[in-house]
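Engineer: Sequence:
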Amino acid sequence: MGSVYIKFLLSVMTIIPFGTSGYRILDKNSPSICLDCVEKIQVQYTRFIFDNIPTKTNVEILEKSLSFAILSGKFQHLQAPVWTETNNLSPPKLLCHDENSLTLAWNQKNAMEFYFLKYSHSSEIYLSDLSNCNFKTINLLEPDTTYQFELWSFSRNSGILSKSSQITVTTRNHFEPRHPVESLKYTLLFQNGFYSAVISWKQGKDFSCFYKIIWYKRGGSINHRKINVRNIHNITEEGTLLEFIASPLEMGTKYYLEISSEDEKSDIEGPEKSLQINVPSCLATYKNFSICSPNPPENITATKFFTSNGTKMAYNLKLSWNKPKYLPDFYNVTLASNISVQFKVIAGNTTFVFFENLSVGIYYQTRLTAWLKNGKRSNPVSMQIFDNKRHNIEEKNTINTWIWMVLGLFVLVIFLSITLLKKNLRKILNRSLHVSPKVEEITVKYAKEDSIWEIDESKLLMDKIIGIGAFGIVQKAHCYVEGEKKIEIAVKMLKERSTEEQLKQFYAEIDIMKAVPKHPHIVHLIGVVTKTRQNNPLLLVEYCSKGDLHTFLKNVWLILKNKDNMKMKKEQDKHRCVGKEENVLEWKDLLSFARQIAIGMEFLCSLKMIHRDLAARNILVTESNTMKISDFGLSRDVYVNNMYQKLTGGKLPFRWMALESLTHQIYTAESDVWSFGIVLWEIVTLGAGPYPALDTEDLLPLLKEGYRMEKPANCSEELYAIMLKCWNATPSLRPTFTELRKIFDVLLESEVFYVNLDSGKSNGNRYENLPKTIP
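Residues -22 to -1, 1 to 753 (mature numbering (1 follows the signal peptide of the UniProt record, and there is no 0)) are what the sequence shown spells out, left to right.
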């Protein structure tokens, strides 16, 4: 019955202009959503006011509409109201906004009340649709524009009109950075034998309307959700609280959750905020062995005791773990290497075990499982054991040691002499070339003249924004090159109010781009606009339509995961899949991606340049799937020193950095090879994040101990061996990019499947081989 009345009022409000400025219904087709009304305003029947100047027309329109509704028989219980005016309705709150829309919310105490928004910009005044919801989305707004809003409510029973005070809201601009969420936490619920986690957070400063949530367990599939704030919000005294339920969750499992804001099309993501969800075990929940298996051993530690056995270097190993609250009947412990396997059975009340006479320099794998006599067992917990220390314990080698020391000293003297000669020669050259010998942020000296690269800004036709970073913006554009002929380009610029240091670094990046010759696997420079924009220059580079490799791979993975949204085809074998747009991706394509990147890096090495931030996110993909290395913002000329040592602060890509870069802040071509190994892992896992089960602060100690990422489930041993070579702790033992390019040439000629793209391996199982316990 109420809906007829609402529709009638809507029809009247839509076609009748109110007041001197005119009111418009902008969002007649926008979705309505429900929220909460507070303060009320009573208006005399003869003084129905939409603006500060009541008019006879306004009063007659309202009077006729209400009278018609009452006389029609649809609302016979309504009485002709007598209106009085007060101003005590609480104003709405901003729920979320983007460039062209925003959503306001309010508290609704009476389900019989209906709401609409009056809003204005400049001299234009508009009215939204009437709704009984507690929030409202206004569409078709202008970016970076300020609007004034008033909330109005209408009580169907009493005929009371209520209005709030005015608030001011500004839509997002294209350059506004996105922010991480705040107050991220979870609450566990247990019902019907399953756990669920209620994830709650508060919006960041960007008031985003959409959030991406990913949660997963080690060795399991990844769950992916896109959240619309308008569907999950809850207005509280402290502000807007957003909630989402992740379920079902396995008992005794640790889940990792990541959340970030994004735009509606998922083109731009904000910073991620992470959370660990610890689900209680079956025993902690039921406290009953008749229902549950024993818990896996926790906090396993390895202690080594080095011993001597003649000329052989060895050590004894003690494995220890926490005593569980509920004791198993016994433990089964396995220690395996490529030359031997040892088994031990330990009583359930024991918390340690010894293994003796282990060889130095050999990898061992331990496996510890708790058992019950009824056959139930825990999940096994694995740990890698490795020690490469050399303890020279033979006194008879003392003379040989002295001999080698003398020889080494002799070689050192020769080396220092040669070094001094080179240094003197370099000083002479530096006097003429004016090159500073310091290890510092240096500008490329062999760039082409600026006039060659300078482009008139009037030749640019700017298009949509395709990327926003902490300090810069990348915008698609067209550039007129020969008369009416135009090409697609990407324009990189700094944000407004950039600092002097950011401007200096941006000019350094421009100089580096000028110095790099054109290459098929390097993003090449089109031109610059600096003469007319000295404080906000433009860097014009070639446009790569498929975006960065990381996003490209993630999209491929999502197609494989969401089988309902794609059509799978079997063409000759199971290692070929076809997406929604019939774009075929084969396992050899992934190897080709790696080969192309190696070729591009080989070219940079030939120029004596290092990248320092080689990652899938900094590889761009053209329409023909050609890989282009980009983002030379961290690249440096190393022609003089062949090494770059970081002197200034800033965020570092820890999970892509080599061991020596993490420990000594030293960057070489060899450290780029380490990063290439991480990129290869990203390619094989279709865009997974490296070291997904590790916190950043735990990464360096583990790498020092010899830990490396495990082989992805869909990766061959041969391809994984290449990764391990790239991650060798000794930089000189890593392959060069030339060697890597030759390796991939051979692999691409082979018919062996080095990567499995079958959905059973790649669909949601990117972290399948991660150990339950990281050593």
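Hints listed in this document are in silico derivations from the structure and should not be mistaken for laboratory results.
From a predicted model like this one, the values you see are computed outputs, not experimental measurements.
Treat each hint with caution, since some may be false.
[Said to hold, decoys possible] Calculated lysine to aspartate or glutamate pairs in the DMTMM-like style (CA-CA distance at most 20 angstroms, straight line):
id, residue 1, residue 2
1, Lys183, Glu276
2, Lys437, Glu460
3, Lys204, Glu334
4, Lys532, Glu240
5, Lys720, Glu696
6, Lys496, Glu432
7, Lys204, Asp76
8, Lys204, Asp184
9, Lys180, Glu120
10, Lys496, Glu580
11, Lys232, Glu242
12, Lys251, Glu236
13, Lys190, Glu77
14, Lys251, Glu675
15, Lys282, Glu240
16, Lys473, Glu276
17, Lys442, Glu520
18, Lys322, Glu276
Engineer: Among the hints numbered above, which are violated by the structure, and what are their numbers in rising order?
Structural biologist: 1, 3, 9, 11, 15 and 16
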